[in-house]
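Heads up: the sequence lines are chains C and U, in that order. 328 is the number that my numbering gives to position 328 of the first sequence; each next residue is one higher, with no gaps. 614 is the number that my numbering gives to position 614 of the second sequence; each next residue is one higher, with no gaps.
Fair warning: there could be bad hints in the mix.
Copies of one chain are not kept apart here, so a pair can be met inside one copy or by any two copies together.
[As the list claims (entries may be wrong)] Calculated cross-link-like contacts (lysine to any residue; reagent style SDA-like; alpha-carbon spacing at most 20 Å):
| id | residue 1 | residue 2 |
| --- | --- | --- |
| 1 | Lys52 | Arg350 |
| 2 | Lys52 | Asp411 |
| 3 | Lys576 | Arg444 |
| 4 | Lys52 | Glu92 |
| 5 | Lys197 | Asp283 |
| 6 | Lys558 | Asp390 |
| 7 | Lys85 | Glu295 |
| 8 | Lys197 | Cys335 |
| 9 | Lys197 | Leu277 |
| 10 | Lys85 | Gly98 |
| 11 | Lys197 | Asp168 |
| 12 | Lys197 | Gln262 |
| 13 | Lys85 | Ser484 |
| 14 | Lys558 | Ser201 |
| 15 | Lys357 | Thr165 |
| 16 | Lys357 | Leu414 |
| 17 | Lys260 | Arg151 |
| 18 | Lys197 | Met110 |
| 19 | Lys197 | Ser273 |
| 20 | Lys558 | Gly98 |
The hints are simulated quantities; they were obtained by calculation from the structure and are not laboratory data.
Protein chains: 2
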Amino acid sequence: MTESDFGSGTGQDQELDTTVLIEDPGPEVPSLEDPGTEEVARVSVVFEPSGKQVRAPVGVNVFDVASWNAIAVDSTCGGHGTCRKCRVQILEGEVPAGGVDARAFTEEEMEQGWRLACQAAAWSDLRVHVPPLTTRPKASTVGVGRQVIHRPTVLKRYLELPEPTLTDQRPDLRRVMDGITDMASGADPQVLRGLPKILRSADFKVTVVVVDDILVAIEPGDTSDRVFAIAYDLGTTSVVATLVDLINGMPLSVSSMLNKQQRYGADVISRISATMLDPTALDSLQALAHETLDELTEEVCVEAGVDRSEVYQVAVAGNATMVQIALGIDPEPLCVAPFILAAEDYPDVRASELGIKVNARARACLFPALGAYVGGDIVAGALACGMDRDQRVRLFIDVGTNCEMILGNGDRLLATAAPAGPAFEAASIACGMRAAAGAIEVVRIDDSGLHIDVIDDAAATGICGSGLVDAIAELVRVGLIDESGRFVPDERAAELAPQVADRLVMRGQERVFVLAGDPITSSGVYLSQRDVRELQFAKAAISTGWAILLEEFGIEEKDVQQVLLAGSFGSYLSPKNAIRIGLVPDIAPPRVVSAGNVAGEGAKMAVLSGSERNGAHSLLNVISYVELSDREDFNDRFVDELAFPV
Amino acid sequence: MTESDFGSGTGQDQELDTTVLIEDPGPEVPSLEDPGTEEVARVSVVFEPSGKQVRAPVGVNVFDVASWNAIAVDSTCGGHGTCRKCRVQILEGEVPAGGVDARAFTEEEMEQGWRLACQAAAWSDLRVHVPPLTTRPKASTVGVGRQVIHRPTVLKRYLELPEPTLTDQRPDLRRVMDGITDMASGADPQVLRGLPKILRSADFKVTVVVVDDILVAIEPGDTSDRVFAIAYDLGTTSVVATLVDLINGMPLSVSSMLNKQQRYGADVISRISATMLDPTALDSLQALAHETLDELTEEVCVEAGVDRSEVYQVAVAGNATMVQIALGIDPEPLCVAPFILAAEDYPDVRASELGIKVNARARACLFPALGAYVGGDIVAGALACGMDRDQRVRLFIDVGTNCEMILGNGDRLLATAAPAGPAFEAASIACGMRAAAGAIEVVRIDDSGLHIDVIDDAAATGICGSGLVDAIAELVRVGLIDESGRFVPDERAAELAPQVADRLVMRGQERVFVLAGDPITSSGVYLSQRDVRELQFAKAAISTGWAILLEEFGIEEKDVQQVLLAGSFGSYLSPKNAIRIGLVPDIAPPRVVSAGNVAGEGAKMAVLSGSERNGAHSLLNVISYVELSDREDFNDRFVDELAFPV
């Protein structure tokens, strides 16, 4: 995840996964690689009977919109158009019936609005009726178009055991283990504490919980249909929790909040610095991480009507600093040369060690890390994007204060991290703000003047990351910002773009470009010369990073077949403008796609499937880390990259 | 261990292991099977330079006396007379030099009193000078003459690691693990918490601690010569802790105390009943067990100058009730039919889960149990006695409120438990007391009258278990108690044993036999008719138990080649009198030997050697449990066994 994504929205917005942008769309769905759609617009979808309303990128299919907003839609194929079980009724809005629909429904049903959710692209606002579940799907589409077979390592089984007699004096634990020889090889000793009472109070009719071949809990009666896990994306800025029903693979509830460590600074460096200056800060930061995770746990459990003790596994994707702090491990060596991780992997951690109060025996899956700045969040993201499974040459970029990149194909992958700096931090931009109501998220200049889109159609109160990139890209395009990043003189501005030239004004000692309102008052939203400089530094660091990876890989910009922009910031960014300012390689804009919250997706995959979880560990052997800080050419290249492409 | 051994002494006395009674003594040592020595007398041995004074059974060699009182004597052969390193100087007392001494010392040295400790039998009071250790023994004599090779599963190694650089960015844990690939396959995640700081503050010069192939701790600098473990005998009555130096296998300090659970009753049944009547009692009992274990831990650590964090492993031998309560597991099913254990084994428990505050990552070895009344203490005892290694037919008896027995040879072993009742409880005998100063421990009647030995030569204030058995056996022998257990009428008493007949008097409504003082006042010590009945019930339960085992095994009393009396009670008992009252099979008295505190010995073996610890688990496969409570013939046989043999 981005460490500091002021492009990220709050709450549900972060879950608007746009994974289908990458999958080859079926014939009935208008091509998402249509250049006309590359500016990311949004539609509203209301699901009935819950009435839950969500925003989704235009053109995403209803199955995915539902899935990533924790609305259960029947499916056994995982959204591939083959099982024909994801029947929904379009109550409002237009969704043309396609060929697959014609094979799944009668004429009359289609007239009543019945469609297969996985075939129904949301090109406009919709209201959709979702029938209750009738099947248990065996797979889900998770991550970036990844089909994940449900094979969680948490298993339950209801047992009716023979009661002990003087001729059958097997110990309680042996009696239970004899009933599950096919699923468990050992037992957590903590299981014993309540065992005798549970067995006898339940007349030896109990449900066992087995995690990774170890018996971890025994519950009275038949609870075998209640098995839950929580996937966490533990970001420096935002933390997201998704409660997943392991019986059918469906996310049941999602919640997010700002990481409570914010008071120690917005980025990882500030937080590590705090631990270096104050010996008590590590404990405080750890406690704040635990509080954040635990509050989210409470929220998702309450929303889904799940008891905490029914959550038997958690997966946490976080960068190396967040994970080390959450475990109480001194993070200082991460931020001073030579940048050393405490461990690349944490094999056997309990959820409680992360402050997550779920079932006392629940284990936590933590993702391995490649380096101090390419942590478990990036490995989770690489898993979600199938970086080791796709033969195309792809470039994965997670934009943040620190920007992580992975380049390669299924055979060879290179990773690095570049210090992008605070450009994408709301705090470092004069009118910067998070992608919340009032933020300018789209900026366009045409002959008639300046056009902005503001989130929730509110009055503009600031600008978020995607708006910033748009604004600068457009100003470079029309010529008001020159190649070196300077605002051009007024007379030159009036000559090049008379329709917006009068927006270039002085604010105190500084020239600014007015985006909305009056820049002299607090209601004005503007772009300052310093803001442009901040963005230049960020994009130069990032493009130096991927340029070095391209060189190491032995290819050129044009050879990149796909750029995946990870994190919420990425999903709000205009590909065309990202290319224009040189943030990503210069390839056809439709090949630059947003991958969504891939760290969170990776965490979900880890709880849905033991083999996917193992796959995350295998990535360590496939990805080579390229250290930039000891490269002699880094500074020269960085300076070269500061200019905007013309 | 005995669950209620009022035969047991307090403190150091419990450690007077008499294991050599069983080993074949070397040619220079007078045979311990000499019938003249069968009454267990004691000598005093003072060790210099510490000045520590201990009591030991007559004829035990100095090496063993030293060893079981935590006094380190050089040795590499473990007391077998081959290494000639256990040189000590006899300062006071008589120890004739033997043939092995002549090969180890010059004439002059022998004249100065130098002897090999393993060859020097203590036939009289001695004062012995022990030189400081010069070698690290590779084996110890532990248990009942068992030679245990030191191969603890706790290992330390000092590492000087290369410091990280930009070209060697291995994570901290990987850097450490790369230095111990031959000794560790994984790491406890808790190790990570302090890892970065420890490595850097110690300039990457650290000592690793590996337990069972898992890295459990990293310490700054070279601490590789400080590796300790504690073995606990967690008895219902007494708890004993022995701190062992795992570098040389020597016990460094020993401490014992009454189990703090006493306030809930003297035996396991009272304590389990408490948990059934009061839902808070289990927590209280658990806390009391933890307090007992932890106070002993403090005592042995302070005495040996060892920091608690230097103790990396513990082993606990206890009966099933004590272990379940210490782990907080409901013990109720242990005491109601069909008598079910929560588990026969506890593979992966931390010391902290037993309330033992040593190194936070220390593991606890708990012995497996065979049945609700044949617990880990008995398995530890069977390990210490080598029950599965000796081809002789042997009967192991641990006398207590509940009496556990194992019969067999190395190929086949049968175990059972019999409810002996409170006869060996001080509380149930009119003048009963623990084997402390003032207790009558030996009773003898000859033509001149009654003779008693009182512990510490104090005025008699009560009678302990061994004295009780002696008194009744002698009274049966002279005829004052008849076959049925009744005191004979006065006139018959005067006829049969005139020298003591006047000691048979009325005390209130009850006939009693006066052992010391005036039975009407509180200073008198006597044996009542009820006391005799109590002992009859106990011995009948025990002899019914082993008689059924003999029958199941298909042999007769005379086929038993050795009887091992376990627990402190056993080591104070007169074999001749135990046979006379029918407590043990009628075989030659020298074949009835005391085995000492075998549960504690087994626990020591478990920390000294991983293979011995595994051996304890293998015993589960070798020993078959015979349940007495569902045998239809038990009651009839029990009634038959009530009579005394004539």
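### Task
Go through the copies and call it for Lys197 and Asp283: within, between, both or neither, with a Cα cutoff of 20 Å.
This pair counts as between: shortest inter-copy Cα distance 14 Å, intra-copy 38 Å.
### Message
Reference check for the pair Lys357 and Leu414, CA-CA at most 20 Å: within, between, both, or neither?
### Response
Intra 37 Å, inter 47 Å, cutoff 20 Å: neither.
### Task
Have a look at Lys558 and Ser201 and pick one of within, between, both or neither, based on CA distance no larger than 20 Å.
Neither way: Lys558 and Ser201 sit 69 Å apart in one copy and 49 Å across, limit 20 Å.
### Query
Within a copy, between copies, both or neither: where do Lys260 and Arg151 come within 20 Å Cα-Cα?
neither (34 Å within a copy, 49 Å between copies)
### Query
Is the C-alpha distance from Lys197 to Asp168 at most 20 Å within one copy, between copies, in both cases, or in neither?
So Lys197 and Asp168 pass the 20 Å test inside one copy only (18 Å; across, 54 Å).
### Query
20 Å Cα cut-off: does Lys85 pair with Ser484 within a copy, between copies, both or neither?
neither (56 Å within a copy, 86 Å between copies)
### Message
At most 20 Å between alpha carbons: which applies to Lys197 and Cys335, within, between, both or neither?
### Response
between (51 Å within a copy, 14 Å between copies)
### Task
Pop the pair Lys357 and Thr165 into one bin, within, between, both or neither, using alpha-carbon distances up to 20 Å.
neither (38 Å within a copy, 39 Å between copies)
### Query
Is it within, between, both, or neither for Lys197 and Gln262, if the alpha carbons may be no more than 20 Å apart?
Neither way: Lys197 and Gln262 sit 45 Å apart in one copy and 25 Å across, limit 20 Å.
### Query
Using 20 Å as the alpha-carbon threshold, which applies to Lys558 and Gly98: within, between, both, or neither?
neither (36 Å within a copy, 94 Å between copies)
#### Entry: Within, between, both or neither: Lys197, Met110 at alpha-carbon 20 Å
neither (56 Å within a copy, 66 Å between copies)
### Query
From the Cα coordinates, with 20 Å as the cut-off, is the pair Lys52 and Arg350 best called within, between, both, or neither?
Neither. Shortest intra-copy (34 Å) and inter-copy (48 Å) distances fail the 20 Å Cα cut-off.
Hint violations for this structure: numbers 1, 2, 7, 12, 13, 14, 15, 16, 17, 18, 20, all remaining hints satisfied.
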